[in-house]
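> What follows is the residue order along each chain.
Protein chains: 2
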Amino acid sequence: MAKELKELTSRKENYSQWYQDLVIKADLAENSAVRGCMVIKPYGYAIWEKMQRALDDMFKETGHVNAYFPLLIPKSFLSKEAAHVEGFAKECAVVTHYRLKNSTDGAGVIVDPAAKLEEELIIRPTSETIIWNTYRNWIQSYRDLPILVNQWANVMRWEMRTRLFLRTAEFLWQEGHTAHATRSEAEEETRRMLGVYTRFAEDFMALPVIQGVKTESERFAGAIDTYCIEAMMQDGKALQAGTSHFLGQNFGRAFDVTFIDKEGKSEYAWATSWGVSTRLIGALIMAHSDDNGLVLPPKLAPIQVVIVPIYKSMEQLKQISEKVDAIAARFKSLGITVKYDDADNRKPGWKFAEYELKGVPVRLAMGGRDLENNTVEIMRRDTLEKETLSCDGIEEHVRGLLEDMQRNIYKKAYDLRQSRIISVNDYEEFKSKLEEGFFIMSHWDGTAETEDRIKTETKATIRCIPLDSEAEEGRCILTGKPSSRRVLFAKAY
Amino acid sequence: MAKELKELTSRKENYSQWYQDLVIKADLAENSAVRGCMVIKPYGYAIWEKMQRALDDMFKETGHVNAYFPLLIPKSFLSKEAAHVEGFAKECAVVTHYRLKNSTDGAGVIVDPAAKLEEELIIRPTSETIIWNTYRNWIQSYRDLPILVNQWANVMRWEMRTRLFLRTAEFLWQEGHTAHATRSEAEEETRRMLGVYTRFAEDFMALPVIQGVKTESERFAGAIDTYCIEAMMQDGKALQAGTSHFLGQNFGRAFDVTFIDKEGKSEYAWATSWGVSTRLIGALIMAHSDDNGLVLPPKLAPIQVVIVPIYKSMEQLKQISEKVDAIAARFKSLGITVKYDDADNRKPGWKFAEYELKGVPVRLAMGGRDLENNTVEIMRRDTLEKETLSCDGIEEHVRGLLEDMQRNIYKKAYDLRQSRIISVNDYEEFKSKLEEGFFIMSHWDGTAETEDRIKTETKATIRCIPLDSEAEEGRCILTGKPSSRRVLFAKAY
Numbered sequence: 001m002a003k004e005l006k007e008l009t010s011r012k013e014n015y016s017q018w019y020q021d022l023v024i025k026a027d028l029a030e031n032s033a034v035r036g037c038m039v040i041k042p043y044g045y046a047i048w049e050k051m052q053r054a055l056d057d058m059f060k061e062t063g064h065v066n067a068y069f070p071l072l073i074p075k076s077f078l079s080k081e082a083a084h085v086e087g088f089a090k091e092c093a094v095v096t097h098y099r100l101k102n103s104t105d106g107a108g109v110i111v112d113p114a115a116k117l118e119e120e121l122i123i124r125p126t127s128e129t130i131i132w133n134t135y136r137n138w139i140q141s142y143r144d145l146p147i148l149v150n151q152w153a154n155v156m157r158w159e160m161r162t163r164l165f166l167r168t169a170e171f172l173w174q175e176g177h178t179a180h181a182t183r184s185e186a187e188e189e190t191r192r193m194l195g196v197y198t199r200f201a202e203d204f205m206a207l208p209v210i211q212g213v214k215t216e217s218e219r220f221a222g223a224i225d226t227y228c229i230e231a232m233m234q235d236g237k238a239l240q241a242g243t244s245h246f247l248g249q250n251f252g253r254a255f256d257v258t259f260i261d262k263e264g265k266s267e268y269a270w271a272t273s274w275g276v277s278t279r280l281i282g283a284l285i286m287a288h289s290d291d292n293g294l295v296l297p298p299k300l301a302p303i304q305v306v307i308v309p310i311y312k313s314m315e316q317l318k319q320i321s322e323k324v325d326a327i328a329a330r331f332k333s334l335g336i337t338v339k340y341d342d343a344d345n346r347k348p349g350w351k352f353a354e355y356e357l358k359g360v361p362v363r364l365a366m367g368g369r370d371l372e373n374n375t376v377e378i379m380r381r382d383t384l385e386k387e388t389l390s391c392d393g394i395e396e397h398v399r400g401l402l403e404d405m406q407r408n409i410y411k412k413a414y415d416l417r418q419s420r421i422i423s424v425n426d427y428e429e430f431k432s433k434l435e436e437g438f439f440i441m442s443h444w445d446g447t448a449e450t451e452d453r454i455k456t457e458t459k460a461t462i463r464c465i466p467l468d469s470e471a472e473e474g475r476c477i478l479t480g481k482p483s484s485r486r487v488l489f490a491k492a493y
Numbered sequence: 001m002a003k004e005l006k007e008l009t010s011r012k013e014n015y016s017q018w019y020q021d022l023v024i025k026a027d028l029a030e031n032s033a034v035r036g037c038m039v040i041k042p043y044g045y046a047i048w049e050k051m052q053r054a055l056d057d058m059f060k061e062t063g064h065v066n067a068y069f070p071l072l073i074p075k076s077f078l079s080k081e082a083a084h085v086e087g088f089a090k091e092c093a094v095v096t097h098y099r100l101k102n103s104t105d106g107a108g109v110i111v112d113p114a115a116k117l118e119e120e121l122i123i124r125p126t127s128e129t130i131i132w133n134t135y136r137n138w139i140q141s142y143r144d145l146p147i148l149v150n151q152w153a154n155v156m157r158w159e160m161r162t163r164l165f166l167r168t169a170e171f172l173w174q175e176g177h178t179a180h181a182t183r184s185e186a187e188e189e190t191r192r193m194l195g196v197y198t199r200f201a202e203d204f205m206a207l208p209v210i211q212g213v214k215t216e217s218e219r220f221a222g223a224i225d226t227y228c229i230e231a232m233m234q235d236g237k238a239l240q241a242g243t244s245h246f247l248g249q250n251f252g253r254a255f256d257v258t259f260i261d262k263e264g265k266s267e268y269a270w271a272t273s274w275g276v277s278t279r280l281i282g283a284l285i286m287a288h289s290d291d292n293g294l295v296l297p298p299k300l301a302p303i304q305v306v307i308v309p310i311y312k313s314m315e316q317l318k319q320i321s322e323k324v325d326a327i328a329a330r331f332k333s334l335g336i337t338v339k340y341d342d343a344d345n346r347k348p349g350w351k352f353a354e355y356e357l358k359g360v361p362v363r364l365a366m367g368g369r370d371l372e373n374n375t376v377e378i379m380r381r382d383t384l385e386k387e388t389l390s391c392d393g394i395e396e397h398v399r400g401l402l403e404d405m406q407r408n409i410y411k412k413a414y415d416l417r418q419s420r421i422i423s424v425n426d427y428e429e430f431k432s433k434l435e436e437g438f439f440i441m442s443h444w445d446g447t448a449e450t451e452d453r454i455k456t457e458t459k460a461t462i463r464c465i466p467l468d469s470e471a472e473e474g475r476c477i478l479t480g481k482p483s484s485r486r487v488l489f490a491k492a493y
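Sequence lines, in order, name chains V and F.
Residue 343 in my numbering sits at position 343 of the first sequence, and the numbers go up by one each step.
Residue 432 in my numbering sits at position 432 of the second sequence, and the numbers go up by one each step.
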């Protein structure tokens, strides 16, 4: 694909440009001809598939099943929940017609004015409305509950400023939509799924996260409570990596979803919804990668090990290939994904740079001397450390190495965050620490006005009220009014 | 979900109503509030997931990778390939605006006229245009080829008459889009994927298919050749179960996708596309199911074995459950999906009917006497045969039984088709055999006019020119003009 391996912009020089360069050069995604919509390229999509598989397994382990609901939502549905439509109306793609035709003046194909829809349809920005309209017919008795459904789908939000993976008009995601007989059961589900997201972020993405609850102004449109996980990127900005909403009876009421409870009384059903999206790929990149390219946690790397032959003749290549085939088979038997790159139109040095760029966790290189000595050179992507090892038992060594890298990548991200999270009581210090890229724990008086003023003045938002933040008397960083606990402030993606 | 287990309409009484009843009663799918769009319910979606997994593995084994392209296509793209736009213009959902707002007269939320798109966007009915527009930047040299990409996605075709799974405005599918340096390589790919679809239909869906090539009038809009697999449903109608298109250089030319070949010459890239959709779920249902409900081939059954306890006391249930847990664990260790239904609000008879309706391949029932005798009653769904067997080694027995059922379901469908496919040389016989539900091999003069007249007069279409049909001199069934081989006629879904 006619790629030139140019230098990446360094993170220090321009973090935002580094990210953009990396997404493009590592062949993860690109902008499409449609404003704000991206093409997810095979290498980027392979990461998404790994994420999907892991998440889907976790959803199923927690009792959920998948289903599929329509892409298009009648405009009137969106209006049924007041806060919901308020939140999404400004970014809706609207279908108004269902046919094209040839124009009579020969100007080509035009929209057929005769094929206008009676009611406009919205491309789903999220599916609460169409799903709760469906649930009305699924739910009559408490025996029909809970409903624990997830959907893997594309959604569309007409964002004006977009960035690959992080904010795109169309994105891929999963959205769980559950219905329950009691408030406490729905609240429990909301927190259970926050836990699933946390485990996924930490165990698979090697991404330490802070669990918390959003303030009223940052809540999902239509939710009673929005729980979230927030991660620190290398520039110190926060990225919301997943949300889980307790929706109360808002959608039950809006769509008249009632059931007869154990006592024979009619009640509105209780709802949750929760989602993560292809945005996580952006988080993965920004959390771990370096100036040489991607650094991928082994559990999500499409290729875990690449083997590059270094040869002086075709005869030697043949000998190396024979040896490598046997090694590769041993990797595969351990469930390790391996690629042998014996393409003859690229030099080893080019390949080394390419696989560093693409974040392949382990690189093996085998040359003539290795062949004689039954050795192989091994490099780990996270630290770029190299050593030469015997081929005997190399597969077990690599398995251990992959596990070590998974832990090490997590630890590095964790240590960074711990070194950059600080409690601040003074507004001037707040502003300067923010500019240095800190997560800041400060007191807040609990009002939307203050939250908004801080945002306007500093660009920091309240990322969440951390679940583990302890009660502590204090005074609001801005107004000095009393506060009972610290909240997490940061600039965010 | 407040279901009543009413009788299905029988196939004999009304095949079409039987299908409709079955889809609803077996909880596979339902119509949504959006015209022509269905809700795929969890049980139906679980079948789709099994299909996806098997197909995706086969695509990857044949060297393909997944990617994702935008949902929306600029109207002008669709117009670039003349035959393509001609084929799809009449069923396009068109996005014209990107924002809603509150109406000033308090009438609620309206489309914001100020947010009109400069160029209308079409919800993809298929993605050749947006993908080939993207490929232009991916392809410069023969070294960039082949590109072997697949996409799992939703598409929309505004059909006027819809039926659950078989024909819906929105459906889920996969679409492969490959680019090649030579004509012969693209043709080979087209046939390779036809082979993949054939293996999937026969090995997983237990559905015998006839491979063939479409006549010009039945070709995909923009294709040079459309290959297909055609299956017989129990009413003798044909269902197209997959298509693989050789697109020549049509899209390469339309989107100016050129590359420098080995000789240094600039050439348009050669294309294929191929797809199967959620329509296959309709085929699966109609090919195998009976008047008691679904019959699912074990390889695609979401639950392969259900175990129902029959007990007189909670103490007895406890004993049965202990025994069943051990058996279920042995099933799981063999990779057999098992469900133990000990719900106490339904009688065993109700459960038996329910799992027959849902097509669970094997049902085990264990009562008090079984407990004493270390036995279990086993029923296979395809033949409804029952026997009582020892619990020792039951998992191996069931494994063998599932394999046998997979073969048996295939054989039954194969035998039906073989008994209903006939060579006919006389037009009157043609018409009467067609009414009896036969696939008919007849001579045809090769003209679209004749094909069209036969369709108008009999509702039969040429399903395909079978790949294995031998050269044979003959005379057209309608016009008596010379013909060199028989083609396959049938009424179709």
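If you are wondering where the hints come from, they were derived from the structure by calculation, not from laboratory data.
Source: prediction; values computed, not measured.
Among the hints, a few may not be true.
Repeated chains share a single entry, so a pair holds when one copy, or any two copies, can fit it.
[As the list claims (entries may be wrong)] When the alpha-carbon atoms are kept at most 25 Å apart in a straight line, the in silico BS3-like pairs for lysine-lysine are as follows:
id	residue 1	residue 2
1	K101	K80
2	K299	K60
3	K347	K262
4	K386	K323
> Hints first: check each against the structure and report whether it holds.
Checked hints:
Proximity of K101 to K80 under the C-alpha cut-off of 25 Å is restricted to the inter-copy arrangement: shortest distance 14 Å between copies versus 34 Å within a copy. When the C-alpha separation of K299 and K60 is checked against a cutoff of 25 Å, the pair qualifies both within a copy, at 19 Å, and between copies, at 19 Å. For the identical chains of this complex, K347 and K262 are inter-copy neighbours only, at 20 Å across copies versus 72 Å inside a copy, given an alpha-carbon limit of 25 Å. Taking the shortest Cα distances, K386 and K323 sit within 25 Å of each other inside one copy (20 Å), while across copies they are farther apart (55 Å).
No hint from the list above goes unmet by this structure.
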